[in-house]
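There are 2 protein chains.
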Amino acid sequence: DCTKDLRTMKKFAGNKLVTSFGKKIIAIGRNYVEHAKELGNEVPKAPVVFLKPTSSYVKEPNPIEIPAGIGEVHHEVELGVVIGKEGKNIQEDQAMDYVAGYVLALDMTGRDLQAAAKKKGLPWSVAKGYDTFTPVSDFINKAKIQDPNNLNLWLKVDDEMRQDGNTNQMIFKIPFLISHVSNIFTLQEGDVILTGTPSGVGPVHVGQTVTCGIKDVVEMKFAAVERGS
Amino acid sequence: DCTKDLRTMKKFAGNKLVTSFGKKIIAIGRNYVEHAKELGNEVPKAPVVFLKPTSSYVKEPNPIEIPAGIGEVHHEVELGVVIGKEGKNIQEDQAMDYVAGYVLALDMTGRDLQAAAKKKGLPWSVAKGYDTFTPVSDFINKAKIQDPNNLNLWLKVDDEMRQDGNTNQMIFKIPFLISHVSNIFTLQEGDVILTGTPSGVGPVHVGQTVTCGIKDVVEMKFAAVERGS
Ligand SMILES: [Mg+2]
Ligand SMILES: [Mg+2]
Ligand SMILES: [Mg+2]
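Going line by line, the protein sequences match chains A and B.
The C-terminal residue of the first sequence carries number 572 in my numbering, and the numbering is unbroken.
The C-terminal residue of the second sequence carries number 572 in my numbering, and the numbering is unbroken.
For the record, the hints were derived by calculation from the structure and aren't laboratory data.
Hints may be right or wrong, so weigh each one.
Unchecked claim - Restraint-style ranges between C-beta atoms, simulated for each label pair:
#1 511(B) - 561(A): 20 to 28 Å
#2 511(B) - 383(A): 43 to 51 Å
#3 386(B) - 455(A): 30 to 38 Å
#4 459(B) - 376(A): 20 to 28 Å
#5 431(B) - 562(A): 24 to 32 Å
Said to hold, decoys possible - No more than 27 Å apart at the CA atoms, straight line, and that leaves these computed lysine-lysine pairs for BS3-like:
#6 564(B) - 380(A)
#7 428(B) - 461(A)
#8 388(A) - 558(B)
#9 463(A) - 380(B)
#10 462(A) - 461(B)
#11 461(A) - 463(B)
#12 431(A) - 564(B)
#13 402(A) - 380(B)
#14 402(B) - 428(A)
#15 463(B) - 380(A)
#16 564(B) - 388(B)
#17 463(B) - 516(A)
#18 463(A) - 402(A)
#19 462(B) - 380(A)
#20 487(A) - 564(A)
#21 558(B) - 431(A)
#22 564(B) - 463(A)
What the hints assert, rightly or not - A short, non-exhaustive set of chain B residues, derived as facing chain A with CB atoms under 7 Å:
#23 366
#24 393
#25 396
#26 464
#27 466
#28 472
#29 473
#30 561
Computed from a predicted structure; not experimentally measured.
C-beta atoms are modelled at their ideal positions from N, C-alpha and C, and glycine is treated no differently.
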């Protein structure tokens with residue numbers, strides 16, 4: 344109902360989402376065929392699931408901070424699904440009831456760190472988890488998105504278009520992902536599911552600017568700077 | 344000061360720690376030489392760092408829930424360090440100022456899932472992250488622990504002693520871990536660092552009971568049941 348929607352919108356408005364809300368970020372890897380292939384990976388038979396810490400959120404006008412000496416850091420533009428209420432073992436046909444709305448997000452990835460971890464069978468958490476490695480937009484109420492399975496996601500580095508995909512290319516769709524993930528982890532209000540990135544990932548260097556958007560919905564921009572310590 | 348200590352104790356008392364506090368669990372792998380060896384792993388040159396979701400916390404008298412069909416689930420008894428205030432790039436010699444106290448914890452691990460993930464270079468998050476895969480004790484104020492680097496950690500499955508180690512065997516000590524981890528992720532009040540497990544890990548089956556403790560400090564007990572769905 345309307346009262347509840349207003350309450351939800353208020354709660355997720357502005358910086359509140361990233362400072363006060365959400366216990367976890369659940370990210371899906373290799374959820375677009377062309378992206379799986381571009382990194383030389385098999386197309387998965389089940390979702391590849393990993394966690395990012397909420398301490399990695401950053402919002403405009405703050406920059407993406409690149410730690411010195413960690414090698415290439417890649418952009419991955421993704422649609423984030425914001426969970427509106429607690430749930431576990433959620434059925435696919437009920438899943439959309441658990442969605443409060445969306446965010447545009449970047450799943451920044453220390454690609455060299457990740458490649459080394461993969462080779463040694465080690466966790467991805469460091470490669471994916473540095474502070475500022477999850478830039479996000481303001482909260483987008485779900486009423487504003489007609490069809491989350493047909494959104495154009497795009498990303499530029501400076502003036503160069505790098506990623507230009509559509510959520511209709513996702514291997515595992517949002518209701519399936521919510522159901523699948525909720526069978527592993529209880530989902531809580533404010534948790535975010537990052538649904539994977541289309542092809543075209545590549546490095547972002549200090550001094551460059553990343554601009555990205557969901558066509559007709561939202562746009563955001565982040566400068567890349569070297570991390571101080 | 345004393346007022347602050349009281350406030351901290353109150354905030355972390357009882358279930359509040361696990362229901363309201365903490366955004367992340369940062370776990371350290373292979374931090375005891377004998378345990379690294381028993382799983383056929385090299386002794387690490389840097390800490391192995393991964394994330395567990397706070398939705399995996401469980402407290403007495405609730406049971407550990409083992410999902411059907413995921414293979415062996417292992418016990419790993421660990422000392423958890425509870426962070427008392429926000430910090431990043433923390434110096435080793437300041438690190439203990441960021442500690443509010445401790446918890447006894449189990450880092451329950453889907454060992455077969457983890458082995459399969461390691462082989463494929465995939466994340467550990469699912470193997471480590473199921474609901475109830477992080478049993479924890481009540482909060483232990485740091486004033487109650489004379490020397491966190493000399494605590495006897497033990498664990499029994501039913502009547503069989505399986506793990507019997509001492510935190511003095513940790514490869515990377517608590518101040519180093521806090522400093523290292525805070526260079527990756529901003530640490531926040533209520534975050535918990537799991538410091539790794541001594542040798543003796545092994546399977547827990549449905550119907551068995553896990554009892555574990557920090558000698559002279561705390562003891563806890565969890566039944567293992569099959570997870571309903
Ligand atoms: Mg991981
Ligand atoms: Mg991604
Ligand atoms: Mg462990």
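The hints, checked one at a time:
1. 511(B) - 561(A): 20 to 28 Å: Violated: the Cβ-Cβ distance is about 53 Å, outside 20 to 28 Å.
2. 511(B) - 383(A): 43 to 51 Å: Distance hint for residue 511(B), residue 383(A) holds at roughly 44 Å.
3. 386(B) - 455(A): 30 to 38 Å: violated, 23 Å
4. 459(B) - 376(A): 20 to 28 Å: holds, 22 Å
5. 431(B) - 562(A): 24 to 32 Å: Given a distance of about 29 Å, which is inside 24 to 32 Å, the answer is holds.
6. 564(B) - 380(A): The given pair, whose Cα atoms are some 47 Å apart, is violated under the 27 Å limit.
7. 428(B) - 461(A): violated, 33 Å
8. 388(A) - 558(B): violated, 46 Å
9. 463(A) - 380(B): holds, 16 Å
10. 462(A) - 461(B): holds, 9 Å
11. 461(A) - 463(B): holds, 8 Å
12. 431(A) - 564(B): holds, 25 Å
13. 402(A) - 380(B): violated, 43 Å
14. 402(B) - 428(A): Distance of about 22 Å is within 27 Å: holds.
15. 463(B) - 380(A): holds, 16 Å
16. 564(B) - 388(B): violated, 34 Å
17. 463(B) - 516(A): With a Cα-Cα distance of about 23 Å, the restraint between residue 463(B) and residue 516(A) holds, given a limit of 27 Å.
18. 463(A) - 402(A): Roughly 33 Å between the alpha carbons, so the hint for residue 463(A) and residue 402(A) is violated.
19. 462(B) - 380(A): Holds - the C-alpha atoms of residue 380(A) and residue 462(B) are around 19 Å apart, at most 27 Å.
20. 487(A) - 564(A): Measuring from Cα to Cα gives roughly 21 Å; hence the hint holds.
21. 558(B) - 431(A): violated, 36 Å
22. 564(B) - 463(A): Distance ~35 Å between residue 564(B) and residue 463(A) Cα, so the pair is violated.
23. 366: With a minimum Cβ separation of about 5 Å from chain A (threshold 7 Å), the hint on residue 366(B) holds.
24. 393: holds, 4 Å
25. 396: With a closest approach of 5 Å, the residue 396(B) hint holds.
26. 464: holds, 3 Å
27. 466: holds, 4 Å
28. 472: Constraint on residue 472(B) satisfied, holds at 6 Å.
29. 473: Holds. Min distance 6 Å.
30. 561: violated, 25 Å
When each numbered hint is compared with the structure, violations occur for hints 1, 3, 6, 7, 8, 13, 16, 18, 21, 22, 30.
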